[in-house]
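> Sequence:
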Amino acid sequence: MLTFSRIIKVIGAILGIGLIHYAFIFEHPETGFYGLMMLALPGILFGRILVRLVFLVIGAIALFSAIGYGEPGAGPYLLLAAPVCINLMLMVLFGVTLLPGRIPLITRFSRFDRLQTTGPEIDRHTRMVTALWTGYFAVIVAATVLLAVAGNFLTASWIVTVGSPAGSATLFLLEHLYRHFRRDMFGQASVFRTLRVIAHPEAWRGMLRDV
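Counted the way the numbering used here counts, the sequence shown spans residues 55 to 265.
Everything labelled a hint here was simulated from the structure, so no lab data went into it. As the structure is a computational prediction, the values presented were derived from the model and not from experiment. Don't be surprised by glycine CBs; every beta carbon is placed ideally from N, CA and C. Please note: incorrect hints may appear among the correct ones.
Stated by the list, open to error - Have a look at the derived ranges for each label pair, beta carbon to beta carbon:
| # | residue 1 | residue 2 | range |
| --- | --- | --- | --- |
| 1 | Leu110 | Leu231 | 36 to 44 Å |
| 2 | Ile103 | Leu228 | 33 to 41 Å |
| 3 | His82 | Gly217 | 39 to 47 Å |
| 4 | Leu208 | Phe166 | 36 to 44 Å |
| 5 | Tyr76 | Ala185 | 28 to 36 Å |
| 6 | Glu81 | Ser244 | 39 to 47 Å |
| 7 | His234 | Gly189 | 31 to 39 Å |
| 8 | Leu110 | Leu208 | 44 to 52 Å |
| 9 | Val111 | His82 | 20 to 28 Å |
| 10 | His82 | Ser59 | 24 to 32 Å |
| 11 | Asn206 | Arg156 | 34 to 42 Å |
Start from the sequences, fold in the hints, and give me the full structure.
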């Protein structure tokens, strides 16, 4: 289900991340600051309270930097801040659902999909996939931070702005390919049905209550 807020989030994310990576490739930090503001805007408008505060601070610092009031040496770190925060939030989002008494995120989505097979074996698989996503985002965050601290900002940008979304898409498709070859256990796997489940407001509200 497409809504105005989702459209704004997608547009802001694509344009913002693209401009940030452009800034590192062509050494044009001002462009990156405007991209950072675009990336922060959806979080400010549509995020939960803590998310809004985080992105409000990032957006304000980006604005001051764009008009010449920022610390030049902090620019590369600032440009990486929002993409790193997004991956960190995703890591936490998946990770907290692995705590005792919680329903793993992928398990919740699987149960919300009425056409999916359920049972203990499915729950073990979806818990493992949730842990895999948690580890994936943790590696992205750690690699980006370590490279930034070492001063290798361009490689850090490649990892967090290009590698992270590309790797996420690959991991998502590979997991569905596995389910396709294990139809005897999972039933009919569908990428588009999974995307519809993820986009369903009720699935997210239930997840947010559990988190």
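> Which numbered conditions among the earlier hints are violated in the structure presented, ordered from lowest to highest?
Of the numbered hints given earlier, those the structure breaks are 3, 7 and 8, listed in rising order.
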